[in-house]
Structure formats: structure tokens, C-alpha cells
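Asks: Listed here are the chains, written in short residue letters.
Number of protein chains: 2
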Amino acid sequence: MNKQYSRRNLDFMLKEVLQVAELTKFSYFQDYTPDMFDMVLDTTEEIADKILRNAYVSSDRNQPQLINGQVKVHSAVKDYVKAMGDAGMIAATFAYENGGQQLPTVVNAASEMIRGSANNAFVMFTGLTAGSANLIFSFGSDELKEKYAQRLVTGEWTGSMCLTEPQAGSSLSDVITTAFPQSDGTFKIKGQKVFISAGDHDIADNIIHLVLARIEGAPLGTKGISLFVVPKFRANADGTEFNVDNDVISTGIYHKMGQKATPAMHLTFGDKDNSVGYLVGEANKGLSYMFQMMNEARLGVGMGGTYIASAAYYASLEYAKERPQGRKLNNKNLEEEQTYIINHPDVKRMLLFQKAVVEGSLGLLLECYHWQDMIHGLGKASEEAKPYQLMLDLMTTVAKTYPAEMGIKAVNEGLQVFGGYGYTEDFPLEQMARDVRIMSIYEGTTGIHSLNLLGRGVTLNNGKAPQLLFNEIMKSIELANTFDELKPYAEKLEKELGRLQKVTMHLLSIAAKGDNEAFLADANLYMEFFGITSVAWIWLKQAIVAKQALITQNLEESESSFYESKIHTMKFFYHYELIKNYALATRLTDTTLLTVDSEKHIVFQ
Amino acid sequence: MNKQYSRRNLDFMLKEVLQVAELTKFSYFQDYTPDMFDMVLDTTEEIADKILRNAYVSSDRNQPQLINGQVKVHSAVKDYVKAMGDAGMIAATFAYENGGQQLPTVVNAASEMIRGSANNAFVMFTGLTAGSANLIFSFGSDELKEKYAQRLVTGEWTGSMCLTEPQAGSSLSDVITTAFPQSDGTFKIKGQKVFISAGDHDIADNIIHLVLARIEGAPLGTKGISLFVVPKFRANADGTEFNVDNDVISTGIYHKMGQKATPAMHLTFGDKDNSVGYLVGEANKGLSYMFQMMNEARLGVGMGGTYIASAAYYASLEYAKERPQGRKLNNKNLEEEQTYIINHPDVKRMLLFQKAVVEGSLGLLLECYHWQDMIHGLGKASEEAKPYQLMLDLMTTVAKTYPAEMGIKAVNEGLQVFGGYGYTEDFPLEQMARDVRIMSIYEGTTGIHSLNLLGRGVTLNNGKAPQLLFNEIMKSIELANTFDELKPYAEKLEKELGRLQKVTMHLLSIAAKGDNEAFLADANLYMEFFGITSVAWIWLKQAIVAKQALITQNLEESESSFYESKIHTMKFFYHYELIKNYALATRLTDTTLLTVDSEKHIVFQ
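Protein sequence lines, in the order shown, are assigned to chains B and S. First residue of the first sequence: 1, per the UniProt record's numbering; consecutive thereafter. First residue of the second sequence: 1, per the UniProt record's numbering; consecutive thereafter.
Careful, some of the hints might be misleading.
[Said to hold, decoys possible] Okay, derived cross-link-like pairs now, DSS-like style, lysine-lysine, Cα gap no bigger than 25 Å in a straight line:
no., chain 1, residue 1, chain 2, residue 2
1, B, K386, B, K25
2, S, K223, B, K332
3, S, K223, B, K502
4, B, K82, B, K25
5, B, K580, S, K380
6, S, K145, S, K380
These aren't lab readings, by the way, just hints derived from the structure by calculation.
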């Protein structure tokens, strides 16, 4: 199997750009030495190589089946979850007291990059299991922690998140699954949940569903939502075994375009009035708890766009280097052999676009994970951690959306590099294109996140979060200005930052008039603008580190070309992608409303 | 089944914008009255309704199989080809003497819009059959016409075009299939062809392959390529029956991402030295002949992007009108019922984008077909027909590429409107997304067509063709300037036309220096620029006609809202799409080369 990610790039990001060794100075991470981070990635590569890659195609062709109420998944899923559990990697980032290893999340994300590029669908199982466990550890009772979370951490059981209902997709306010209080303090759960990833399977003895439901009589909207642990099997009377069917029925399985190896389930809770749920934390606070898992999952979806795009990039790069076709545009001599397609400018453009998206998206995501680690290191409650928390909250939505949307485009370009072959099952690109397509829908569509960013993220606390982010960006601009080669790009970014601020002010002036429809109508374009500008910053940061290495070190050619390639790709991003901001800004400051009904309804014919 | 195309829009395009009734003044079309065009579309709708729609999903789930060297396709393919043959619609545009009905190609394209939106994969069978027949009628001997073409016209047999070889995808210069001359004037064909659509099936007694091959000893490159008729079964000794196996072997069948109902074959000719081919026209002129069929097929691929996007648009429009979710941004009262998603600005934006792409692409394609009809009407050899031929030659490549590339994007937005449901097999969007993805690859990738447009189309005859096109655009701008509501858009288009000319001059100045690599490096972006500007013109034309109708006619509300919707969508195109030109022009006039190797090779890591 060809290369699907670049270890050299992961090392560059972790060691040179983010300098993760610095994290070990915090007491939270003090048990680590930098070479232990390398070992995590080495172990990951082994799991990817032995289990994940081999099952990528076969688990797509043989998708999960729902037979007699029970889902069967590809047998390698079990091997994968077991290997991850055995290596202590499902919940590696958790605190020691919760069965974790206090691994920096940025290193964990690098591990996910390796696993996801090998088999993106399998990674869902461990991601959801860790997220469920973390939710219980954060907000659940000691009993819930002991009974459920401890067995998720090891991979003995797996978890799922149950939010979406048939009548309430993006609108969680309208969740109607109901929890009826019982005299023993438990609840009877009744309702339908749809699109529940890994919601049923045959790889573990139990599945722990984290379910949003409304306690009978609770207030309308998000303020009346509570969170419950609802296991597939609950404990028997003496609590010794979990073998009582908890009335969670696999009503249906969705046949999906891609990511087929992860079953997406339609689950029915309490069809026989016998589904017991256990309240997590306080009543009516469920959605705020769930946001923790959702935010983790959102970065995970951004990773999904990135690692599938990475696998697609390396597949098309390999193909472009080996596939002869046509001749150079300056040399049409038919006597000569055909040239490799990588030598055609248009193919180079497609490859550079992919590289720019993959490494830019990864950089943005690792930046977020690094902020998360700074929060862990400094202590969540500390004053010093606050700026990181604010930036993380702001950027989670961008770090989910940019890699998802651009990952789809990048994989599409990868397929195009293959020409007709890319459209066939003989190469992995068509599967990757099907797999990656979900990323702009999972965990909140691009539309929802865009409303979030503009309607909430940039305005909260008087715009404190974007101000902090812009300060960070200005630091990079100032540093880049000290290098002649980077100066023009620093200037471009500064200009775009100014443009972004101007556009934001314009939109906020509409919001101030109270017209939310007009204010948010093009939130999607604002997200695109924000994403491009943020990734331009990430590329400048990478170029600075590359430039410093080229100047200060005596490098072998393979190493200097790595850094030169970084600078080249940064330039590509600025010359081909950043320029799109102008059109976005034009539209965002254009006051002609075309998607908002005013006097009359827009007619579609 | 929901609406998949708009008959009202087809009538608008044919009758009001292009005024096809005028064509009946030409002697070539004199047997038609306008209501006969309506009847063609009515008959098409019957075929679509009875055969095509019902088989759309099932022919995807049960894809063609290669069993014992013979391909079996979905049984409804046979019904479809028979119905088309019986209705005389396979070759309806052909001259009477060739078994056709001299139907204007623009009406035929409208028929294809109806069929293709119902079942895009089936349409390939009749399209390839008509193209093969037309090639023989145009360049073949009387014997070939009688023996083969006449039986293609009726749908008794079907045709295929065999260009691509394993070592020569986009590079036809490198075709190596060989034709060995025999003493009886025939040739023995030997070689491999790949991705041959409808290259084998079980719906007809014979398949007539139109094969590009090199006569033994022919010159290198495209100047040594000849065209052959190679039937699956050739005639027996006395010529009474076609029952002699002609050594065309189905070596393999490609499993594709989409358009699964059309088998894509790997064919081996002459494995037993027994594949007889019949030369079409003169030796070594094969590629120029084939260009006729390729150009027809290119417009057909543009239609493919358009009709799949049309079906996706109407599916998502229907869904958006029926799916309640969330509340209006200016009214978050939870006591109220959820609103339909069509009321959210972001969903409206996605729907308007789809509508703008579908109706803009269709307009561009019908413009090209109308030029084709003007050529037929005026007579191909006449002086008056020349401008139309020049514009058609220039724009075929744009009318293939814009609808293909933008059709992919539009279907993608349609899927997004459905959210998670769009990703499942419960709705047709995921299939449409898989189907449409091939359009930017079929009949020359976007990269190849972009080289064609910039490297050849705009420069031929001292740029005569773009000059003619610009004159046409200026006529529309002048007319639009007479309406207050349209004037601002006419001005925008005039500005963009000036920008396009400036960019073109800049690029030609690089070409003048002889550096083809630098000249053509961003041909792909030039194509995008050219396409957006062309479709902006098409939208202005439609808006002018709509505005005239609104001013001069006393309309019922349903009719006035049709026209208002046209003007609204034109505005949407200008405010959201045309603005992208600025970034494209910026890059196209930016002299920093990033995809061309100069001193050193760009390193990808």
C-alpha cells in the first residue's frame, strides 16, 4: 500500500511548528519525554499497517448488515478496537484517574491522522467510544463512571451519541424523546433516534448510548434537554452482569454513499416501555454537557476531511509520478516517450491544491488541539487558560468546516488526476470521494456552523475571541516580515485580516439593526472567508519555520527540499486560494438581498 | 416520481429565447410546424415516464455483469432503445436520406434533457448509437452506410466509440491499435481499447464499434490515425446474415462509482487475428472524422452535467418545501411549529445556485445547438453559416466543461440540502452525485478542454471566433441597457467582457514569447473565467426575454412569477457567481509561476 500520510510532516508540525516538547514542562504532561510521542505514532503505524489498511476496501464492499435485529460489521473492526484498547490508546488523552495516559491531544490527533488515512470508517468506533466515556467522566456520577466509563476506556464496550431524531435533524430544540422518572431514580426512555453511528454492531458485549431526551414536563427548547446513559444491556438484579435486554431496538440501518463500514442506525428506545436510562449530571443541562462531546467530535470531523484528503493526495501523487501521458507543452516531439503527468502544470496545480488543503487543514486542527493542551497544562480554571479556551471555542467551528468542505474538493481533484481510472473501483479514489462527502454534514452541517461562527462566535464577550486570534496572527505577520521571501505574503495576510475585520464590522452593523435574516443570510460565505484567512495564517506559520530551518541549518538535499516545498505550497495557497477572499468580501458587503424573503416570497420554478 | 425538469423552462428557452419557430422558415426544416416540436417533447415524456424513471434506481443497484465473455445489462435498456427506435427518435436530427427526420438539434437536446434527467445512464446507449451512425453517414462508403448505419438509426443495432487505450488516455497521438491491410481491401484490427461505454451488452444482435487505429507503417502522432467500422459480428460469406464472430473480446468490465447502468468495457480486438475492420473514408484522416462524433458527444456530456443537476435541483427543492426544521432567524418562538427549510436563507442560496447552474448551463448548450441548426438551415458550405460554425467550434469546449464542472457542484449542493438523508440510498441524491462525477472526465477532461480553449479556440483565425461571440454578447448588453432593472447587470457584464479581453491579451503576449508552459499553466482557470462570463451572458439574455414578457403581456400570477424568478436568478448569478471572475483574473495576470518547473523540479513531499 502506498503512503497515505507524511510522517515527516507530522514531525514538522508537532516538533518544529508547535514544539510539543514544551508541553512536557507542564506538570500535567511531565511524565512524557518527546521520544514517547514518537512511540505513540510508531505504535499507531503498526495498527494501521496490520489492521486498518487491509480492511479499507473490503469493509466498503461488504457493508454492515442488519439481520434479525442485530448488526454485523466487518470482522476487522473488532481487531482494531481491541488493538487500540490493548495499547491504551482509546482514551489516551484522559486523565490518569479516568484510566487515561494524559497524552497531549495534539499527539493523539497525529495518531488519528495515521489511522484515519488508512481507514476512516473504523476510526469512528474508537472516537465515539472515547467521547462517550469522556462525557460520563466529566458530568456523570461515580457509579456511572465505574459501571460504564471504565469499560469504554478499555474498549471492552463501545459508545454512541444519540442526538438526531427524525423530526429534528439540525434543530436540537425540537428533540422529543422522553424520559419518564421512575421511583428508583432511573428513567424510562421512549423515542426514536436516527443516524446513530456505530449504534449497533457485534464487536462488543455492550453498547453505551449517550442519549438526549426531555424529562416529562421539561421546558420547551434546548433548556429542557437532559442527558442519559442508556446501555444496550443493563445490569441484572444483583448488578453482577450486564445481560438484561434494555429495549433498544435496531429499527433500521441506513445504506450510505460512503463510510459504509460504520453502520448508521435508526434506533427505537422503549418500544416495550422497558428501556432504562440513567441521568448524567443535572436535569435540563444535557445539551450543555453534550456540547463537550460534540466539540470533540467536530474537531474529529475536521480530521476526517483532512485524513481522507491526505490519503487521496498521496494516491494521486503516486499515480501522477508513474503515469506517462502526453508531452510537455514546450516539447511536442512525437519521437520522444510520453512524459509523466506530474510534469503537466495542470496536474501540478491539482496536486499542490491537495497538498495545500491537507497540510493547511491539519495545521489548523493541530493548532486547536494544541490550545486544548495548553488548557490542560495551565489548568482549565486558571486565568492563563482563558484566552486558549476562547480561541478554541471560536475556531472549533472553523476547524470542523474548512477541512470538511475543502477535503471534499481536494479528494475530488485527486480523483480528477486519475482521469477515467479514478472513477473506477480499481483505484481507491472513488471510495475516498464517497467517504469524505459526509464530512460537511456530520456534527452540524456547514450551514449550521456558519450561523454559529457569525451569529455567536465572533460576537460573544464583545468579540474577545477574534481579537485574541487576530493578535496571534499579527505575531506571525511580524515574524514573517523579517524574511525577505516571506514579507510579500505577510503583507497579503495583513491586508486580508483588515478586510475580514471590515466585513465583520459591516455585518455587525446589520445585526445591530436587529435584522438577523439579513445579518446571517450569507453566513456560509463568511465562514469560507474566515476559513481561508485562518489557513493562510497557518501556512505563513509553517513557512516561517521552514525558512528558519533553511537559513540556520546545514541541511541535506532531502531535508532542504522538504522545507522548500513548504514555502512553495504556502505561496501556492496565497496565489490561488487567498485571492478568493475578494469575491467573498464583495458579496458579504453587497446589500442586495437575494435569499431573504421581504415583500414577497421568492418563487422557485 | 417528482418533477425532474421544467417543461415550462424548456418552452421558454425554445420558443421565447431561441424562437425555434423561425427555424421552420429554412427549407431544411420546412416540414415542421412549431406544434410538432411540442409533440416530440410529449412523446419523450411518455418514454421517460414509462421506462426511464422506473429503472433509474434499480439499474444502479443491479449493475451490468460480464458473464462468460458476454455483458448482461438491465432489461429496461432494451425497452428504452426499442421505444426510441420505434418513435424514430434515435437519429431524429439526421437528414431524410439518412433515415432521419431533420429535427432541429435544439429540440432534440430538449428531448435529451427530459430523458437524461429521468435516467442519465440509459441515454448513453442511444447517444452513442446516433453518433456512430452519423460518423458513417458523414464519411463512410455507401456500402458501410447501407450495411451498418441504417441499422443503427432504427436501434436494431447499437454503436460505440473506441478511442482510449491503456497507454493513451487523453493523448490520442499515442494510440497504437493497429490495422493490417488485407488483399480484399479490409483490415485486420489488433489492439486494446478501454473505457468503452456500451461496448458490450445483450440488448441488440450486433454492436458497431467505431475504432481509431493506425494502419501498419502510418506516420506517428495524430496524422497516422484512421477510422474503422469493426462490428461485433460480421457478415457471413454470402452477406445475408451477420453471424460471424468478429473476434472482439470483452476482456473486462469496469466497476464504476456511478452511471453504473452503462457498462464501461475493456475490449480486445483481434486476439485470434480474426477481427475485421472496414476503413471509413480515407486513411490517416480518422481523427478529424472522429472529431465530429467527439464534438457531438462533448455537447452531450455538457447535457449530462445539466440534466443530472436538474433532477437533483428539483429533488432538493421538493424536499426543502416539505421538510420542517428549525425556525426563522427573526422568529425563534419555540411555541410555533418548525418552519420549512426552504425558508432558511442558506437553503435558498443552495437552491438558487442549483437553479442558476441548471438553467444557465442549459441555455449555453441550447445556444450551441441553435448555432448548429442555423448551420443546417443556411447550409454548411454557405458564407452565412461560417460565423455560426466558428462560434460553435469555440464554445463546444466551454459548453462541455462549464455544465460538467458546475453540475458536479450543483448536485453536491442538492445533496447538502437533504442533510444526512442526502447521504443515504433512501433518496436519489447520492446516486446523482455519483453519476454526475464522471462528466468532467468523459470526452476529454476539464484540463484537456482548457488547453483546447486557450491554446487553440481563442487564437485560431486571428481570434475571429471570440470576436464574433463578443459581438453577440454586446448585442444583448445593448438590449439589456434599455431596461432600468437590467442596466446594472448589463454594465457588470460589459465590465467582465473587458476584463476577459484584457486577460486574454495578457496571456497571448506570453504565448508570443513562445513559452507554452507559462502561457497554458492556468488554462483551467481561464476556462472557468470564460465559462462564468459566457453563462452570465446567457442569463442576461433570459432576463431580457422575461422582462419583455412582464412589460408587454397581461400575465396571470403563475406566469409573471415564472418570469420574475428568471430575473431573480439572473441577479443571483451576477451577485454570487460572476464576482468570482476577479480572483481568476488576478491569478491569470499574476506572473509568479508556481506550477511550471523552471530551474528546479517542484518537490512534492
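Asks: None of the hints should be skipped; say for each whether it holds.
Replies: Structure-based check of each hint:
The suggested pairing of K386(B) with K25(B) holds, with an alpha-carbon distance near 19 Å, which does not exceed 25 Å. With a CA separation close to 14 Å, the supplied pair K223(S) and K332(B) stays within the 25 Å bound. For the given pair, K223(S) sits about 58 Å from K502(B) by alpha-carbon distance, which is inconsistent with the 25 Å threshold. At roughly 32 Å between alpha-carbon atoms, K82(B) and K25(B) are farther apart than 25 Å, so this suggested pair is violated.
For the given pair, K580(B) sits about 44 Å from K380(S) by alpha-carbon distance, which is inconsistent with the 25 Å threshold. The straight-line distance between the Cα atoms of K145(S) and K380(S) is roughly 21 Å, inside the 25 Å bound, and the hint therefore holds.
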